[in-house]
Structure formats: structure tokens, C-alpha cells
Amino acid sequence: MSFHDTARPTGIICHGPIVLLSALPDPQAFVASMIANDGKANSLAAGWPYAGYRATIFSTGEEQALEGPAGLGGNVQFYPVNALAEAGAHVDTVANWRSNVIVDRELITAQQPMSAPQFGDVFVARLNEKK
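Residue numbers (this note's numbering): 144 to 274.
Hints in this document: simulated from the structure, not taken from any laboratory.
Errors might be hidden in some of the hints.
Unchecked claim - SDA-like mimics (lysine to any residue), calculated; alpha carbons at most 20 angstroms apart, straight line:
#  : residue 1 : residue 2
1  : Lys183    : Ala228
2  : Lys273    : Gly263
3  : Lys273    : Ala238
4  : Lys273    : Ala166
5  : Lys273    : Phe146
6  : Lys183    : Phe146
7  : Lys273    : Ser242
8  : Lys183    : Pro168
9  : Lys183    : Ala166
10 : Lys273    : Glu249
11 : Lys273    : Asp247
12 : Lys183    : Gly204
13 : Lys273    : Ala150
14 : Lys273    : Ile155
15 : Lys273    : Arg151
Based on the provided sequences and hints, a complete structural model is requested.
Written as C-alpha cells, this is what we have:
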């Protein structure tokens, strides 16, 4: 939270933006609600410091392409896009495996590894602005 509170650049790529949920008042209850799909997650997100931020994360389509026996052998318990949206973020994704970088205030997020070159350029530029 210190980076958020002091507006220092925070860069997160691929599945990493899910870590922002750790700043929820009760992240364990939120995750349990997402897994249970009980409709309580949104109310459990009240007070989340990243509510209203634009962000991106590994898309649902990309997750689905890797799920099941033909992919990585299993399924996710919930989709990261849905979790960030339930918490109050505005999640923007693009077509599978295309570069996508979102900058909102101090937060810089990238959809997946195909975004790495663009993400690196944007993040370094933001760090240089802060010097």
C-alpha cells in the first residue's frame, strides 16, 4: 500500500494484478466469495483502494484457451478479470495474445507476456518521470 499511498509507479503484468486484491479489507473472504460464486464479493470489496482504477490482466479468453486436459490440465476457481471487476476495477482486455498495457495514475498493468516489450517501455518512462 505504500506505493499506492505515495503515488509511486506500480507495474504488474499477466496474472500479477490479482495481487491488488490483497489490499481489500478482508481478502480471504473476498476470494472465498469468488470461489463460491455467492454474490457477496462486491459488498466485501467496499473500501478497496483500487476501486475505479482502469487495469488489465490475463483475459478470460486466454484462461479458457489454457484450461482443461488439452491445456494445463485444470480449471481456475474464478477468472481474474471477474475478480478485479467485482472488487471495483474497470478491466479492459483485448484479443487473446495481443499486447495491452493500461496506465491509470500510479498503476501500470499489462495483459500477458506478449505485452512485455510495451509494458517495459511504459514502465521505464514512468520511472524516469519520477526522478
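Hints not upheld, ascending by number: 3, 4, 6, 7 and 12
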